[in-house]
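The sequence shown: position 92 = 91 (numbering that gives the first Met the number 0), numbered continuously.
Heads up, some of the hints might be wrong.
To be verified - Have a look at the derived ranges for each label pair, beta carbon to beta carbon: (1) G14 / V103: 39 to 47 angstroms; (2) Y88 / Q61: 16 to 24 angstroms; (3) L119 / R7: 19 to 27 angstroms; (4) L99 / K6: 17 to 25 angstroms; (5) R7 / G125: 34 to 42 angstroms; (6) V28 / F95: 36 to 44 angstroms; (7) V103 / P150: 37 to 45 angstroms; (8) E197 / L10: 13 to 21 angstroms.
Hints are computed from structural coordinates only; laboratory data are not their basis. All figures in this text were calculated on a predicted structure; none of them were measured in a lab. Beta carbons: idealized from backbone N, C-alpha and C, even for Gly.
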Amino acid sequence: MEEGGPKRLELSWRGHYEELRASVDGVQVGQSLGKEALRQGELWGLPDGSRLGVRLHQGGLQLLLVEHEGRPVPGSQGHPLTWVRGAAYSLLLACFVHLLRDSVLLRVHAERVGAERGVLPFVLSGAIGLAGLVTLRAPRVGLIAALLLLPLKALTAGVRLTEAGLQFGPVDVVLWSLVFLHPVLTALYMLTRAPTVEGSRRRAS
């Protein structure tokens, strides 16, 4: 139940978080009957004297919060790093998707309409991927950078300056950028205001 440690905790449930059971080292340590009890939060004692807390948080996000001695269990939905890693990988995927489009689809479009292709789309796509790598080491820096780069990528892809003036391009890049913004915003939220089993708000260190 620690970062990099053995996976000792197992959670199982029936239906949509109905009849949830928690086991540590193969021994059942707690059971929650019904979603309402899980919404209120459960606190179970472990054989070593420590405590395991579980609560179903339903707000802007529905999260199954799992804490050991007041700290979110690594890999659980309430652990900020779970969302940070997800956002970082989504940014790397965004980089790949945008580079693929920039190198293939924009080339086809340029040949068809006779327009010049600039390097800015490729630079922005690469910067998004770099923000993903930075997020893994310095989450706040990488996420804030991505928060600026994704809308900029959408703007430069959706509006182009041609000899005829401003031209509005296809909206697929705009939509993709908005899609990739969601995990970034969620990770930032979890870093600053992650919900806890007690229902209070924790400010990440």
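Hints and how they fare:
With their beta carbons about 45 angstroms apart, G14 and V103 fall inside the hinted range of 39 to 47 angstroms. As the Cβ distance of Y88 to Q61 is approximately 21 angstroms, the hint placing it in 16 to 24 angstroms holds. Taking 19 to 27 angstroms as the suggested C-beta distance range, the pair L119 and R7 does not conform, at roughly 50 angstroms. Our hint of 17 to 25 angstroms for L99 and K6 is violated, since their Cβ atoms are close to 36 angstroms apart.
In this structure, R7 and G125 meet the distance hint of 34 to 42 angstroms, their C-beta atoms being roughly 41 angstroms apart. In this structure the supplied range 36 to 44 angstroms holds for V28 paired with F95, their Cβ-Cβ distance being about 42 angstroms. In this structure, V103 and P150 break the distance hint of 37 to 45 angstroms, their C-beta atoms being roughly 23 angstroms apart. Range check, E197 to L10: Cβ separation about 19 angstroms, and the 13 to 21 angstroms hint holds.
Hint violations for this structure: numbers 3, 4 and 7, all remaining hints satisfied.
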